[in-house]
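Protein chains in written order, with the numbering used here: chain A, 1 to 507; chain B, 1 to 507.
It should be emphasised that the hints constitute simulated quantities derived from the structure, not laboratory data. Take these hints with a grain of salt, some might be off.
No distinction is drawn between identical chains; accordingly, a pair holds when it is met within one copy or between any pair of copies.
[To be verified] Straight-line alpha carbon distances no greater than 30 angstroms define the calculated DSS-like cross-link-like pairs of lysine-lysine that follow:
id	residue 1	residue 2
1	LYS114	LYS283
2	LYS219	LYS137
3	LYS99	LYS137
4	LYS439	LYS176
5	LYS106	LYS283
Because the structure is a prediction, the values reported are computed rather than measured.
Letter by letter, the chains look like this.
There are 2 protein chains.
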Amino acid sequence: MTTLPAHYTELCRLRREAATLGAVSSLASWDQETYMPNAAADGRAEQSAMLAELVHERATSPRVGELISLCESDAELQGDARIAANIREMRRDYDLATKLPPELVKELAETGSKAQHVWKEARAKSDFALFRPWLEKMVTLARRKAECYGTPEGGELYDALLNEYEPDARSAEVEKVFASLRERLSALIGELSSKGTPPSEAPLQVHVSSDRQHALGLKIIAAFGFDLDAGRLDVTTHPFCSGLGPGDTRLTTRYREDHWTDALFGTMHECGHGLYEQGLPKKDGLFGQPLAQDTGLGIHESQSRMWENFVGRSRAFWEWAFPVVNGEFGGALDAFGVEDVYRAVNTARPSLIRVEADEATYNLHIMLRFELERALISGDLKVADVPGEWNRRFTEYLGIEVPDDARGCLQDVHWSFGLMGYFATYALGNLYAAQFWEKIRMDISGLDDQFRRGEFGALLDWLRTNIHSKGRQFRAAALCEQVTGKPLEADPLLRHLEGKLRPIHGV
Amino acid sequence: MTTLPAHYTELCRLRREAATLGAVSSLASWDQETYMPNAAADGRAEQSAMLAELVHERATSPRVGELISLCESDAELQGDARIAANIREMRRDYDLATKLPPELVKELAETGSKAQHVWKEARAKSDFALFRPWLEKMVTLARRKAECYGTPEGGELYDALLNEYEPDARSAEVEKVFASLRERLSALIGELSSKGTPPSEAPLQVHVSSDRQHALGLKIIAAFGFDLDAGRLDVTTHPFCSGLGPGDTRLTTRYREDHWTDALFGTMHECGHGLYEQGLPKKDGLFGQPLAQDTGLGIHESQSRMWENFVGRSRAFWEWAFPVVNGEFGGALDAFGVEDVYRAVNTARPSLIRVEADEATYNLHIMLRFELERALISGDLKVADVPGEWNRRFTEYLGIEVPDDARGCLQDVHWSFGLMGYFATYALGNLYAAQFWEKIRMDISGLDDQFRRGEFGALLDWLRTNIHSKGRQFRAAALCEQVTGKPLEADPLLRHLEGKLRPIHGV
Numbered sequence: 001m002t003t004l005p006a007h008y009t010e011l012c013r014l015r016r017e018a019a020t021l022g023a024v025s026s027l028a029s030w031d032q033e034t035y036m037p038n039a040a041a042d043g044r045a046e047q048s049a050m051l052a053e054l055v056h057e058r059a060t061s062p063r064v065g066e067l068i069s070l071c072e073s074d075a076e077l078q079g080d081a082r083i084a085a086n087i088r089e090m091r092r093d094y095d096l097a098t099k100l101p102p103e104l105v106k107e108l109a110e111t112g113s114k115a116q117h118v119w120k121e122a123r124a125k126s127d128f129a130l131f132r133p134w135l136e137k138m139v140t141l142a143r144r145k146a147e148c149y150g151t152p153e154g155g156e157l158y159d160a161l162l163n164e165y166e167p168d169a170r171s172a173e174v175e176k177v178f179a180s181l182r183e184r185l186s187a188l189i190g191e192l193s194s195k196g197t198p199p200s201e202a203p204l205q206v207h208v209s210s211d212r213q214h215a216l217g218l219k220i221i222a223a224f225g226f227d228l229d230a231g232r233l234d235v236t237t238h239p240f241c242s243g244l245g246p247g248d249t250r251l252t253t254r255y256r257e258d259h260w261t262d263a264l265f266g267t268m269h270e271c272g273h274g275l276y277e278q279g280l281p282k283k284d285g286l287f288g289q290p291l292a293q294d295t296g297l298g299i300h301e302s303q304s305r306m307w308e309n310f311v312g313r314s315r316a317f318w319e320w321a322f323p324v325v326n327g328e329f330g331g332a333l334d335a336f337g338v339e340d341v342y343r344a345v346n347t348a349r350p351s352l353i354r355v356e357a358d359e360a361t362y363n364l365h366i367m368l369r370f371e372l373e374r375a376l377i378s379g380d381l382k383v384a385d386v387p388g389e390w391n392r393r394f395t396e397y398l399g400i401e402v403p404d405d406a407r408g409c410l411q412d413v414h415w416s417f418g419l420m421g422y423f424a425t426y427a428l429g430n431l432y433a434a435q436f437w438e439k440i441r442m443d444i445s446g447l448d449d450q451f452r453r454g455e456f457g458a459l460l461d462w463l464r465t466n467i468h469s470k471g472r473q474f475r476a477a478a479l480c481e482q483v484t485g486k487p488l489e490a491d492p493l494l495r496h497l498e499g500k501l502r503p504i505h506g507v
Numbered sequence: 001m002t003t004l005p006a007h008y009t010e011l012c013r014l015r016r017e018a019a020t021l022g023a024v025s026s027l028a029s030w031d032q033e034t035y036m037p038n039a040a041a042d043g044r045a046e047q048s049a050m051l052a053e054l055v056h057e058r059a060t061s062p063r064v065g066e067l068i069s070l071c072e073s074d075a076e077l078q079g080d081a082r083i084a085a086n087i088r089e090m091r092r093d094y095d096l097a098t099k100l101p102p103e104l105v106k107e108l109a110e111t112g113s114k115a116q117h118v119w120k121e122a123r124a125k126s127d128f129a130l131f132r133p134w135l136e137k138m139v140t141l142a143r144r145k146a147e148c149y150g151t152p153e154g155g156e157l158y159d160a161l162l163n164e165y166e167p168d169a170r171s172a173e174v175e176k177v178f179a180s181l182r183e184r185l186s187a188l189i190g191e192l193s194s195k196g197t198p199p200s201e202a203p204l205q206v207h208v209s210s211d212r213q214h215a216l217g218l219k220i221i222a223a224f225g226f227d228l229d230a231g232r233l234d235v236t237t238h239p240f241c242s243g244l245g246p247g248d249t250r251l252t253t254r255y256r257e258d259h260w261t262d263a264l265f266g267t268m269h270e271c272g273h274g275l276y277e278q279g280l281p282k283k284d285g286l287f288g289q290p291l292a293q294d295t296g297l298g299i300h301e302s303q304s305r306m307w308e309n310f311v312g313r314s315r316a317f318w319e320w321a322f323p324v325v326n327g328e329f330g331g332a333l334d335a336f337g338v339e340d341v342y343r344a345v346n347t348a349r350p351s352l353i354r355v356e357a358d359e360a361t362y363n364l365h366i367m368l369r370f371e372l373e374r375a376l377i378s379g380d381l382k383v384a385d386v387p388g389e390w391n392r393r394f395t396e397y398l399g400i401e402v403p404d405d406a407r408g409c410l411q412d413v414h415w416s417f418g419l420m421g422y423f424a425t426y427a428l429g430n431l432y433a434a435q436f437w438e439k440i441r442m443d444i445s446g447l448d449d450q451f452r453r454g455e456f457g458a459l460l461d462w463l464r465t466n467i468h469s470k471g472r473q474f475r476a477a478a479l480c481e482q483v484t485g486k487p488l489e490a491d492p493l494l495r496h497l498e499g500k501l502r503p504i505h506g507v
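Working from the sequences, and respecting the hints, build out all of it.
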C-alpha cells in the first residue's frame, strides 16, 4: 500500500498516544519501586491513578471503536497480513478494555483490595476460614468478569480469563499438554527423590557482597546481548522487567549475600524478558502498535526461562561463566569447580513454596493452581473445598504432605485480588522454551562451543528473527507451529529435564 | 468560610490535576538527567512533549478562565486573605499562560533551538559575528513576548520579562538596589585584589573519591534538616533541585575528585532549595495551589544562598564540620585545620566566568547581564554593541580585561534561547538572604554556638515560619518588608561580605 488511509493512521496515532502515556505510567511505577522517597507514596498514587485514567480514556474512546470498524471493513488494509494482524489486535484490546462495566471494575478493585488485606492476615495465621468468604466473593467477581468477556468460541468460561494473559488459549488444549507433562514429571521427581542423591549446594552458600553480585550481573547480561545503552539494572524488593518505551528496558533484581545464585538466576530471567522487549520492533513508528508488542505472557515467559534455565543452567554456560564469576567474586569459589556449580544449580527437590521451587518441580506447582482455578470458575470446585483439594493433589504430584494452609493454598497473593488465568502462563513459558530450544539446537551448530567461549550472539539472533521481531502478529500457538513445525507438546521439556537431572542426581 | 463555593473548589481541583501531571513531567525530566538510558532520548522527548501539552491544556482551558472570574467577583472569597491571594496568583498564572499567541511560542522555541546551536559554535570559535544575527532575532522575539504580556503598571517593557521569574518586580527598583551594591562591592573587590593576600586553596585540592564526597553530602544535608525520607540526592551533569511533588524533593550534585568543595557547596546550595520545597505547605489538599508554591526565583535563591554561603561559609559551621569532613574523607585533611578551610572557601578574586565566580564577585557578573538585557529590550543597546559594552563594564566592575568573547558575552547559554529577565534573580537571592540573615541573627540567640554543635534546627524553624510556610501568599518585596521591617537594600549583603572578606584577605 503506498498511502495508508486516514482511518488507519488516526487509529495508529491514538494508539501511540495511549502507549506514550503508558510509558510514562511505567516510569512512575519503576521509580516507585526503585528510587522514590517513602513520603512520596500518596502523591505517586494520585499521579498513577491520573495517568491510568488518561490511558484508559484513550484506549476506550468511541472514536477508537469507530476507527477499528472502518479498518476492519477496509478490504485493502485487510489484504496486508501485517496490517490486518495489527487491526485484529487493536480490536482485541479495545474489546477487553470496553467490555467490563465500570461498576464491575470498581467492585473488583475495592473488594480485591479488602480481600488482599484479609489474605495477609489469614496467611499469617494459617487460617483459611478467615479468607474463605473473601475468596468466595473474588471467585464470584472473576466469574462475572468472565461472563462480561463472554465464553470464547469452542471454549469454556474460564478461557475468557485465560485469554487476558494468553490470547485465545483454550484451557482444554492447555490441559492436554499439562496432563502428559504432569504424569511423567511427577514420576521423574519421585524417581529423583527416592533413588537419587541431591548434589551439594555448598558452592551457592559462600558469602558474596551485593556490589560484587551487581558487577557480575551486569557482565552476564551484557554477554547475553542486553543493550545497557538502552536499558538498566537496578535493585527492588520484587524483581521485574519493564519495557518502558522505545530504547528503554529496565530490569531489576535483589541480592542475598548468603545465596548468590538467587540474584544471578533472577537477573538472567529478567534479562530474558528484557532481550525480548529490546527485540520487539518498536522503532520505525511502530511503538505502541500490537506489531511491536509481545505475543502474550507465555511467549514472554519462554524468553526469560530460556536464558535462565536452558542457557544459565547448562554445563557449557558454566564452563565459560565459572572463572568469570569466581573472578568477580574475588576467588570466593576457589574451593569449587565448574561441575560443582553446574550440579548445585540443577538440584531438583519437592518443596512447599512455589516461588522457591526449582526448574522441574515448579511446573507441578503451576498445574495444581491451573486445575483448581478452572474448577472454581466452572463451579466443579467449591471454595470451601480448596484446602482439601490442594493438599490432596500436592501430595499426589510432589510426594510431600502440606503441613498447613499458610504453606499450602494461602501462599500466593494472586487469588485474593481476583487474578485468575495467569498462573498457567508460567508453565506454558517453560514448555515453549523447551520446544524452541530443541529447534535452536538443530538450527545452530556448535551452540555449546559458543557458550563455552561466552558467545551468545547466534542464539540471540535466532530469537530476534524467529520470535522477537514478530511482535503480536501471530498467536503463541501459531508461532510455535510456525517456528518448530509442531503444536505445543510436553515431550521437549520432559526430555530436557530427564536428560539433565537424572545424571546429576545419580539416577 | 464553612463551605467553599463550587467555582472555587472546581478551580482548585483543575489546578491540582495540572500540578499532578506537572509532577509526572518533573519525574520524567529528573529521570532523564539521572538514570534514563541514552537510547531512550527520542521516546522521552515524545513523552515529555505530550505531558507538557496535557499540562498546558489544563492550565489554559477557558473553563479555568471562567472560574477565576467567578472567584474574583465573589466577595466572600475575596474577604479571606489567603484565598484571595490564591485566586490572585491563579489569575497571574492563567494570564501568563494564555497571553502569548501559540505562533509566538512556537517561533520562540524553534528559533531558540537554532540559535542555541549557533551559539555553541560561536562560543567554541569565540566568534560573536556568527551569533549576532541570531541574538538579534532572539531579542526581537523577547521584545514581542514582553509586548504580548504588556508593560506592567508603573514599569517598563523589560519588567514584563522580569515578572515571569520575579513576580511584579520593577527593574527601576531592582536597579536602585543593584547600583548601591555595585559601587561598594566593586570597591571592595578592588581593595582585596590590590591590598589583600588571597588565602591558600591547598585544603580544597586534596583528592577525595566521589563515594566519600557523596557520603559527606548526605550527612551534611541531613544535619541541615533535609528529610531524606521525602527526598534524594543523586548525580547529574548540571546540579538542580526538583520539588517533584508532595513528599518528593530531589537534589542532584556532581563530584570533582580533585576539588571536593565544588560538590559540597553545590549540595548545600541545592539543599537550601530543597528545604524550601519541603517547607512549602503542600499537604492538606494545598498541593498545586499557589499558596503551596514558591514566592518567586529571588526568594527561592535566597534559601539556597543562605545555606551555601551564610551557613556553609561561616567559621562556626566549619568548627563543627571540619572534623566531620575530615572523618568522612579518611583524614585527607589532616595537614589542615578549621581556619585553613574556612579561609580557603572564602577566597574572593575577580575571574572571567560567572559559574566559577566566588560569593562576592558573582553579584557583579549578574548585574552586568541585567544592565545589558534591560538596555537590549529598551533599545538603548544594539546587539552589535554587546561585546564592547560587556567588556567595558566588566573591566569597570571587576578590574580585569576580557580576553575574548568566548570568556565574555558568549559564555552563557541563556540569551541564545531568549531567556531574559532571569539573571537578576540570582543577585536578588543573595540580597534577600543577607537581609533575612541579619534578622535571623537578631531573632535567634546563640546561633553560632548551635552551628558549632552541628545544630541547624532553630534556623530551619525560623525559615519554615517566616518564609517557607507563606508559599506565594505575598510578593517577595512584601515578604521582605514583613519579615525584616524594611524594603530590600544592599547594606546587609555589603556588611556581610566586607566583614568577612577583609580580615580573611588581610585588609
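At most 30 angstroms between alpha carbons: which applies to LYS114 and LYS283, within, between, both or neither?
between (42 angstroms within a copy, 26 angstroms between copies)
Within, between, both or neither: how does the pair LYS99, LYS137 come out at a Cα-Cα threshold of 30 angstroms?
Only inside one copy: LYS99 and LYS137 sit 21 angstroms apart there, 55 angstroms across copies, limit 30 angstroms.
Between copies, within a copy, both or neither: which fits LYS439 and LYS176 at Cα up to 30 angstroms?
Within one copy only: 22 angstroms inside a chain, 82 angstroms across chains, cut-off 30 angstroms.
Identical-chain pair category, LYS106 with LYS283, by Cα at 30 angstroms
Cα proximity of LYS106 and LYS283: across copies only (27 angstroms, versus 36 angstroms in one copy).
Between LYS219 and LYS137, at a C-alpha cutoff of 30 angstroms, which is it: within one copy, between copies, both, or neither?
Cα proximity of LYS219 and LYS137: none, with 47 angstroms in one copy and 51 angstroms across.
Checked against the numbered hints given earlier, this structure breaks only hint 2.
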